[in-house]
Amino acid sequence: MSASPAATIAVDAKGISKKFGDFTAVNNLDLSIEEGTIYGFLGPNGCGKTTTMRLLTGLLTPTNGSIEVLGLTLPKQAEELRFRIGYMTQTFSLYKDLTVEENLKFVCDIYGLNRQERKARMADLVDRYNLGDIADRFSGKLSGGQRQRLALAAAVVQEPKLLFLDEPTSAVDPESRRDFWEQLFDLSDAGTSIVVSTHFMDEAERCHKIAILDAGVKRADDSPTALMDNLGAAVLQIDGTNLRQLREDLIKLPEVVSAAQIGSRLRVLVSQDVADPESWFSKLTIKHGATHAEIVRANLEDVFVIKTRKQ
Amino acid sequence: MMIASFRRIFAIMNKELVQLRRDKVTFAMIVMIPLIQLVLFGYSINTKIRDIPVGVVDQSGSAVGRVLVSVVQATGVVKFTAFYTSLEEAEASVRNGSVRAVLVLPEDLTYRLVRSPSVNKGLPPSTQEEASRPVGQWIVDGTDTVVSGAIQSLRNMPLTELFHDPPNRNTATFEVALFYNPEQRSAVNTVPGLVGIILTMTMILFTSAAIVREHERGNMEMLITTPVKSLELMIGKITPYIFIGLIQASIILALGYLLFDVHFWGNLLSLFLGTLLFIGACLSVGLVLSTLATTQLQAMQMMVFILIPSILLSGFMFPYEGMPIEAQYIAEGLPATHFMRIVRGVTLRDATLLDMPYDVLWLAGFFLVGLAIAALRFKKRLD
Chain A
59 MSASPAATIA VDAKGISKKF GDFTAVNNLD LSIEEGTIYG FLGPNGCGKT
109 TTMRLLTGLL TPTNGSIEVL GLTLPKQAEE LRFRIGYMTQ TFSLYKDLTV
159 EENLKFVCDI YGLNRQERKA RMADLVDRYN LGDIADRFSG KLSGGQRQRL
209 ALAAAVVQEP KLLFLDEPTS AVDPESRRDF WEQLFDLSDA GTSIVVSTHF
259 MDEAERCHKI AILDAGVKRA DDSPTALMDN LGAAVLQIDG TNLRQLREDL
309 IKLPEVVSAA QIGSRLRVLV SQDVADPESW FSKLTIKHGA THAEIVRANL
359 EDVFVIKTRK Q
Chain B
299 MMIASFRRIF AIMNKELVQL RRDKVTFAMI VMIPLIQLVL FGYSINTKIR
349 DIPVGVVDQS GSAVGRVLVS VVQATGVVKF TAFYTSLEEA EASVRNGSVR
399 AVLVLPEDLT YRLVRSPSVN KGLPPSTQEE ASRPVGQWIV DGTDTVVSGA
449 IQSLRNMPLT ELFHDPPNRN TATFEVALFY NPEQRSAVNT VPGLVGIILT
499 MTMILFTSAA IVREHERGNM EMLITTPVKS LELMIGKITP YIFIGLIQAS
549 IILALGYLLF DVHFWGNLLS LFLGTLLFIG ACLSVGLVLS TLATTQLQAM
599 QMMVFILIPS ILLSGFMFPY EGMPIEAQYI AEGLPATHFM RIVRGVTLRD
649 ATLLDMPYDV LWLAGFFLVG LAIAALRFKK RLD
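Quick note, the sequences are listed as chains A and B, same order.
Going by this note's numbering, 342 is the number at position 284 of the first sequence; the sequence numbering is gapless.
Going by this note's numbering, 425 is the number at position 127 of the second sequence; the sequence numbering is gapless.
Since the hints were derived computationally from the structure, they do not count as laboratory data.
A virtual CB, placed ideally from N, CA and C, is assigned to each residue, including glycine.
There's no promise every hint is true.
Unchecked claim - Footprint (simulated), chain B over chain A, 3 or more residues, beta carbon under 8 Å:
no., region
1, 158-166
2, 285-294
Said to hold, decoys possible - Cβ-Cβ distance ranges computed for the label pairs, FRET-style:
no., chain 1, residue 1, chain 2, residue 2, range
3, B, 592, A, 236, 34 to 44 Å
4, B, 303, A, 249, 39 to 49 Å
5, B, 555, A, 229, 52 to 62 Å
6, A, 66, B, 659, 22 to 32 Å
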């Protein structure tokens, strides 16, 4: 690997595009992911997250642009890269008719571990990912959480420097998801760079940095906190009774970027052109029984709405 | 590097065997396909025609007519199942298929018979006109050429035994010495050929399905992100099936000996190597198909596309020499054709592979070219 200063770049992609026929899945994407970070792709289904992951792992060849991962040029050095990265696919891709232990053994052998290495590695993985009780179960019969622990264990068999996780927690209950993220932070702490795609806001918030993808285009790229701080709009939270009617009237106003009902409240994003949103609201004639309005802190969903709205 | 490569091949092989063991239906098919097909084909395929159902219209109503009918039946070729009084009735029976042919004996049967050159009784010698008149006529349903051919063979049947003449009055033009299968049993030809057909079917299907299954079940996405090389994957995938192919070939040949008394004269090493080559050729065809098919169903359809010509054109059912030259070219392009020659040569005629270098080279060529095409076509990418 090339010796580079301070923060080494794990993934460096410049102007990558991927077209499938007339459809552009990824459009002119620039990415720079620092080593040792957890980097998230946030976006709805079909926004190009999986395609981007496949481009960065060398499974797809970009139509345009250049990709360098761990100092290796893709797609030319894709085979070399295989030894250094782990990839956890969106759908479970281990063998459902093999047991947990057999699957792990298989992956160990595929990475060329010898008998002693395999034994030690498997003991470590079984212990770390709590697979001891289910070692003899067929992986097709596991619960979502167990299956995902196995998939993660299999993805880190070769102790990769860079780990790709494609929507790892979409079929998992909240508790398993929390445990899973604890394990990701352990890996990150041990020096593994992680690229994870998700459509969950709370998951994206845990990342060191995120890129918001929409229709194959990168709309934002920063740490979640920075994105929330520099929202470019104010978040107005309104209590009241006739919220549906209020929402309908509000979204017709040019100053209102978006309005969505959250329980018994309305969350309104007001353009930053409005200096004081609270007094702006109090001067409005349409109220429909709104009782109270206050500015609240932006969350990642607000960022997502602002960044991906149709211009 | 080499060790890691072997470890990967072995891991895939081992995984394949474990999966196979758990797939009870496939596992049962490995044994049942050769077993059932052997019994089925061994008993049913018979190119020697016997007891064709025929009828008779005896217009002479004479004792000679009845004796003639029993002499014809004694050949074993036909069996008289119906007796008609009119020609119309007889033709209707041929049309509706209740009999395959009708023997028509004319009113003047006795006179014709006596003056017939095949009997040549009575003096003065027959005139040319008398000598040219046949004794009777066969009305044959000529749609099935094998059946009609068998009846045509009765055209010149000797009638000497009608008159208790010594049998040596008819001397054959040629003497025919039948080597290797003197009793002319079809099973002798069918059983070794069946090895070729069953291996074509199972080997091509198993390998193509084995690879396609990885795609279908989503495992390929995981495999291609690992360092496993295309060739390692292919070798690891097909090796278990080589053993399965050898087991199937052994089942067929052993049962052929036990059930159908088909002896093997040939040398076992030639048989083993020949079968191995053929298995290799089939497996690499299966690998090529696996790079074309995206579902196991498609792989199955492609297998049938190769299987049917292999059954019909390889010489398994019909002699290669009897086919038009264009069909022979096509047959040369099927691995089964070459194996058919090798397996019959080795098991029945005591030939060795050295006697058939041409077919050996063809099979080796199939194996290597197929493997190369498959490895080139198989991409460790998704686009």
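Hint-by-hint comparison with the structure:
{"no.": "1", "hint": "158-166", "verdict": "holds (count 4)"}
{"no.": "2", "hint": "285-294", "verdict": "violated (count 0)"}
{"no.": "3", "hint": "592/B - 236/A: 34 to 44 Å", "verdict": "holds (39 Å)"}
{"no.": "4", "hint": "303/B - 249/A: 39 to 49 Å", "verdict": "violated (29 Å)"}
{"no.": "5", "hint": "555/B - 229/A: 52 to 62 Å", "verdict": "holds (56 Å)"}
{"no.": "6", "hint": "66/A - 659/B: 22 to 32 Å", "verdict": "violated (56 Å)"}
Hint check: violations occur at hints 2, 4, 6; the rest are consistent with the structure.
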